Amino acid sequence: MSANIDKLHDDHSHTPTGIMRWITTTNHKDIGTMYLWFSLIMFFIGGLMALVIRAELFQPGLQLVVPGFFNQMTTMHALVMIFGAVMPAFVGLANWQIPIMIGAPDMALPRLNNWSFWILPFAFTMMLSTLFFESGGPAAGWTLYPPLSLQGGDSMPFVILSIHLLGLSSILGAINVIATILNMRAPGMTLMKMPIFVWTWLITAFLLIASMPVLAGAITMLLTDRFFGTSFFTASGGGDPVLFQHIFWFFGHPEVYILILPAFGIVSTIIPAFSRKKLFGYDSMVYATASIALLSFIVWAHHMFTVGMPLAGELFFMFTTMLIAVPTGVKVFNWVATMWRGSMTFETPMLFAIAFIVLFTVGGFSGLMLAMVPADFQYHDTYFVVAHFHYVLVPGAVFAIIAAVYYWLPKWTGKMYNESLGKLHFWLTTFFVNLTFFPMHFVGLAGMPRRIPDYAVQFADFNAIASVGAFGFGLSQLLFVYILYNALKQRVTAEDKCWEGAEGLEWTLSSPPPYHSFEKAPKID
Amino acid sequence: MKIFSIILMVISPTAALAAWETNMPRGVTPTSEIAYDLHMLIFYITVVIGILVFGAMLYSIIYHRKSLGHKPASFHESTKVEIIWTVIPFIILVGMAVPATKALILMEDTRDSEITLKVTGYQWMWQYEYLEDSVSFFSKIDNESNVARRLDSGVDVTGVDHYLRNVDNVVVLPTNTKVRILLTASDVIHAWWVPELGGKKDAIPGYINEMWVDIKEPGVYRGQCAELCGKDHGFMPIVVKAVPKNEYYKWVSIQKSNKVAITK
Amino acid sequence: MKNFKNIYLSLTLFAVFMFSFSYMLVPLYDIFCEITGLNGKTNQEKVMNINENPTERFIRVKFTSTIANSAPFIFEPVDREMTVQIGKIYNTFYTLTNNSNSLKHATASPSVVPSEDAEYFKKIECFCFSQQEINGLETKELPLQFIIDDDLPSDTKTLILSYTMFNTTDQIGSNLEK
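Quick mapping for you: the protein sequence lines, in order, are chains A, B and C.
For the first sequence, position 265 (counting from the first letter as 1) is numbered 264 according to numbering that gives the first Met the number 0, and the numbering increases by one without interruption.
For the second sequence, position 78 (counting from the first letter as 1) is numbered 77 according to numbering that gives the first Met the number 0, and the numbering increases by one without interruption.
For the third sequence, position 119 (counting from the first letter as 1) is numbered 118 according to numbering that gives the first Met the number 0, and the numbering increases by one without interruption.
Isolated chain A (complex conformation) (with noise of 0.2 Å):
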């Protein structure tokens, strides 16, 4: 292996530069670097979207944009930000960071991993180009439900392509991930010494080849449903609408996990790294870890409680939605019981660990609430939903990932940025995010639908505080955005251990570390 590595470094003086580097690069940082760079724009594109959706719904009646429309923006909002903006941020994590925390060279099929990339601006250039389209976008929601989704436009089988795309992306990654990590761990890390980055990773990773082709199978039949007279999704063949429900949410409960389970791996790492002390109950953490991804596949239908399903179901899936519950509290109490007693400091990257805490679990209350099925019934497709999982999904995932930019990131550049206005970007995204969703909770429990354009004038107040906060949040990250060009900007050099508290292989490596690292094997203890 050493001599093939050494053979390939002679190679790099004819290596080429500018855009041929990026195209044809099967490094992993260089591959990372792509993946997050990528992420942020679609988070741009998303966020746009998300303020088209707010601008319209500032005030009741209808101001800006016609009701088809509207419904697109809902729909791509929701694709463009889970798999362009979160995913892909944690498969750029991933990249980065596995190979450097286990000591392996780099990913086990690197061009593989090129290609995993490149799929990506491919896939949404033709997803987002449907907007253009006459016949406009894909506007039945991101859960593409028939038989709504089977009267869409032109922008269907585009849209289907795409995310087929997508899904091999995820799939071609993951394998790339599992490999390296079961193979490629520097002799003397066992599996119950790797750091729980790497391990939520690992779960993720088998999460994302058991579910992805399963969106594939229902995305498939929609499109021969449409156009090739199969009749899965329509009752006059023998078919149900329902069905595509149950093969839709099989695979996306265990998409929601997918979502959020690097997250954790990034608050488990960043939390022992500012309070000096070790993650309380790492054993813990990797069982519970593995008992979520488990038990995500059995709790499907709770996303469908009121299609009429036999009682039976209902309870089924009530109980085992509550016992979900149980895992993911024991992360909660791990992590708190990290910080107890620990000698904490308040670095941007420790600000948003934080926060990811306290929020996530704001999320995971009304996640509760939401299994509950009685319950449910009134609050299912309302609001109430809409702030559920945007709590979970931003202040939880982005606030990770947001984190582990702040952390990594003298490590990746060897630059820092600056502390007081990483700072003033929490504290602003922090206030902001809020702003927008948490009176979200309110409208949905006083009666508002989801996905609709305009609504009651009883509902205008809170929808203008929350219309009011996305602004602020989006305008905020701009604030990141310049806070990473000054960081690259700066001539200082940061340290190998950037950070006091900051334990793992990737901090004995230079920042930033070499082109190629751990071309020969670190030693464990």
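Treat the hints as calculated values from the structure; they're not laboratory data.
Since the model is a prediction, treat every value here as computed from it, not as a measurement.
Ideal Cβ positions, reconstructed from N, Cα and C, are used throughout, including at glycine.
Some hints could be false.
[To be verified] Computed footprint of chain B on chain A, listed as stretches where at least three residues anywhere in the stretch have a Cβ under 8 Å from a Cβ of chain B:
id, stretch
1, 61-70
2, 128-135
3, 146-158
4, 165-177
5, 239-253
6, 483-492
Given the coordinates of chain A, work out where chains B and C should sit on it, guided by the hints.
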């Protein structure tokens, strides 16, 4: 003067619409009350858990900081503690599951209904059929709202009567009567939801679902479609007028004799 | 080196399996419903070998109809409600009128509530088992022969049968865009 302004506030349309409402209505049916009571129970439990967990975090943030000179402890695992904070939440969940199960069994029991209302969802309106009396009509968003809601309509929607929650033909139901509601749809999936009546079920083309209501108080109750069904999903409201039984039967016989024309 | 190839192979097979699993869910649901009795659907095919075995028990059966996707049909049950003796065979009709000028194909889809009792509503002869051909401006009587199985739970007093009639003239390429 003060009384005058209070009266004005009370009778003005915006005040009557309960803006700033933060909670679910307790509603006027056994099912809405069950849902509300369960909702509040779980909410209070989560508030208590939140106070405990966030309280511990806050304490730690204040006292266990490096700037105060606090040195880090070295403990990092305890099987006993892990067991405790796995078992106790589990027990709390079982405690929640019991009332929830009882409530659900009650909500799903449509037996012994006196009358049956069949609701069919269309893009974008509802059709109501009173099965026992063969009364049938369509109900769509009322004209004033429908004009005002258009982009660039120029109408100030705050002045529209029950903007987006008014219809041309209301659903009349008798109070203190168990009404079985059948749900289906003609084209795509819709959902019929009136918050104060509790319960929500999807209206699925090709299949029927059922739910029941027993409205205890006369009044007008408004709701909306609750499943994305296309561009005018937000514009197909529901209005239910609950009246005493004898008034209901009078209304039914008028409908039958008029044979209300079915026009889309 | 370690077993890279095995990992790639098994994970790829796993992904392929999960794709086929999504298709397997289609029949698996039917099997699951049959085994657990959580059926929710009436028989999709004719029942054979029905023995009349009238019991002392009577229930109410209501009939209703829906037209899907603004199909140019009028579709109504002839009997809106029947008092039905459990274990006895009954006959009734639905009428279907083609309001258009051209030949149409129509397919009916049945649904019964309460869904947990649907399996006891046994259709012996039903127009829902096949596609109907109906000429322009023609009216047809569509027969339904059924029996209520005496395993029907004792506390069920009413069953409601609904048919949704679809215009299936254009089999490939589904609903029109709105």
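Hint check results:
Against chain B, the stretch 61-70 of chain A contributes 8 residues with a C-beta closer than 8 Å to a partner C-beta. That satisfies the three-residue criterion, and the hint holds. Counting residues of the stretch 128-135 of chain A whose CB lies closer than 8 Å to any CB of chain B gives 0, which falls below the minimum of 3, so the coverage claim is violated. As drawn, the stretch 146-158 of chain A meets chain B at 3 residues by the rule of a beta-carbon pair under 8 Å; at three or more, the given contact holds. Counting residues of the stretch 165-177 of chain A whose CB lies closer than 8 Å to any CB of chain B gives 0, which falls below the minimum of 3, so the coverage claim is violated.
Interface restraint, the stretch 239-253 of chain A with chain B: holds (3 residues with C-beta to C-beta distance below 8 Å; minimum three). For the stretch 483-492 of chain A, the proposed coverage by chain B is not satisfied: 0 residues have a C-beta within less than 8 Å of a C-beta in that chain, short of the threshold of three.
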